[in-house]
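Asker: Sequence:
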Amino acid sequence: MEFLTEYGLFLAKTITFVAAIFVIVSLVVSVGGRNKKSDKGHIEVTKLNEKFEHLRDSLRDAMLDDDEYKEFEKAEKKRLKEEKSQKKKAAKEAEKNKAEDSATQPERKRVFVLDFHGDIKASEVECLREEITTVLTLAKSTDEVVVKVESGGGMVHSYGLASSQLARITGKNIPLTVCVDKVAASGGYMMACVANKIVAAPFAILGSIGVVAQLPNFHKLLKKNDIDYEMFTAGEYKRTVTMFGENTEKGRSKFVEELEDTHVLFKEFVGEHRPQVDIAKVATGEVWFGLRAKSVNLVDELQTSDEYLFSQIDNADIYEVEYSFKKSLPEKLGIAAQGAVDRLLMTWWERLNISRWF
5 MEFLTEYGLF
15 LAKTITFVAA
25 IFVIVSLVVS
35 VGGRNKKSDK
45 GHIEVTKLNE
55 KFEHLRDSLR
65 DAMLDDDEYK
75 EFEKAEKKRL
85 KEEKSQKKKA
95 AKEAEKNKAE
105 DSATQPERKR
115 VFVLDFHGDI
125 KASEVECLRE
135 EITTVLTLAK
145 STDEVVVKVE
155 SGGGMVHSYG
165 LASSQLARIT
175 GKNIPLTVCV
185 DKVAASGGYM
195 MACVANKIVA
205 APFAILGSIG
215 VVAQLPNFHK
225 LLKKNDIDYE
235 MFTAGEYKRT
245 VTMFGENTEK
255 GRSKFVEELE
265 DTHVLFKEFV
275 GEHRPQVDIA
285 KVATGEVWFG
295 LRAKSVNLVD
305 ELQTSDEYLF
315 SQIDNADIYE
325 VEYSFKKSLP
335 EKLGIAAQGA
345 VDRLLMTWWE
355 RLNISRWF
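Under this note's numbering, the letters of the sequence shown match residues 5 to 362, in that order.
Simulated from the structure, these hints should not be mistaken for lab results. Any given hint could turn out to be false.
Restricting the straight-line Cα-Cα distance to at most 25 Å, the calculated cross-link-like pairs of lysine-lysine (DSS-like) are [what the hints assert, rightly or not]:
| hint | residue 1 | residue 2 |
| --- | --- | --- |
| 1 | Lys-224 | Lys-186 |
| 2 | Lys-254 | Lys-242 |
| 3 | Lys-186 | Lys-176 |
| 4 | Lys-186 | Lys-298 |
| 5 | Lys-224 | Lys-176 |
| 6 | Lys-55 | Lys-88 |
| 7 | Lys-113 | Lys-144 |
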């Protein structure tokens with residue numbers, strides 16, 4: 005018991021210290037933000053075909069000796085010359101009979117790749133919405149959007165918005181594939197299930213179709229020290245449970261009722277987008293590794309995102325689209341502090357919950 009008491013005090017001090025740093029940095033960010041506006045952001049596009057070719061060429065250069073490299077260089081020049089000649093010939097042919105060519109020759113497929121690394125607040129949704137808007141200006145139904153999702157979930161409304169952003173893609177009849185290399189659980193899976201196809205690594209974590217809420221209550225501690233806590237509300241259920249007041253059975257019941265309703269909405273959402281899933285079986289809050297997730301139809305294919313994209317390199321032009329912006333020093337410090345707090349909270353969340361199945 006003494007150990008638990010000391011451990012609790014140590015934890016409280018640690019959280020207080022991190023929170024204090026976060027408050028200080030936030031103040032710095034606030035002051036800095038008044039004096040300087042940050043870059044509103046811009047889109048960066050990388051053609052992954054060229055990246056893969058560069059990797060291949062780097063390895064080849066290291067493997068070939070001088071004579072072999074000269075032979076390769078000679079053959080490569082010949083190939084490029086023939087390729088250029090064929091392109092010119094094809095261009096002339098297309099110019100001659102443009103209407104016929106456009107009707108008979110399919111356009112080369114384009115794949116647009118987006119990344120989403122989710123925290124508790126799904127903060128990256130602001131970048132995601134800009135990336136999706138950019139892609140939708142050019143993407144066609146013959147193209148494909150691949151979103152690499154990594155998230156253990158978080159706030160309901162935040163991940164609801166992230167899911168709605170992905171629904172903009174399918175709403176335009178553009179094929180959407182979500183790749184999961186590590187984890188897409190709870191809110192992360194809420195995003196993934198919007199896709200036409202879910203591809204997961206064999207040991208990626210998926211599922212956790214459930215809702216959870218927890219908070220400490222200090223009422224007894226305040227009462228023991230003769231400290232009154234008063235809260236004023238208008239509306240019977242404006243506040244159902246509280247950290248400092250005395251919680252009632254009526255308030256608890258209403259709070260649980262709201263959680264259950266949120267769970268129902270979550271199940272309906274998954275069922276609407278993945279009708280092949282047995283909701284009663286998977287919506288228990290449990291998680292599955294990729295191999296097991298496929299057996300309950302939570303995923304469609306078992307592959308890493310690298311494998312999935314590399315398999316299309318010869319038949320499609322693959323573009324990685326990223327919305328990025330420059331940050332001032334105060335903003336960088338604020339983001340770092342926020343990340344530290346999120347990691348601390350998630351560490352204790354994992355110890356309390358994920359340890360049950362890991």
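Asker: All the hints need checking, so say for each whether the structure fits it.
Answerer: Cross-check of the supplied hints:
no., hint, in the structure
1, Lys-224 <-> Lys-186, "violated (42 Å)"
2, Lys-254 <-> Lys-242, "holds (13 Å)"
3, Lys-186 <-> Lys-176, "violated (28 Å)"
4, Lys-186 <-> Lys-298, "holds (15 Å)"
5, Lys-224 <-> Lys-176, "violated (55 Å)"
6, Lys-55 <-> Lys-88, "holds (21 Å)"
7, Lys-113 <-> Lys-144, "holds (9 Å)"
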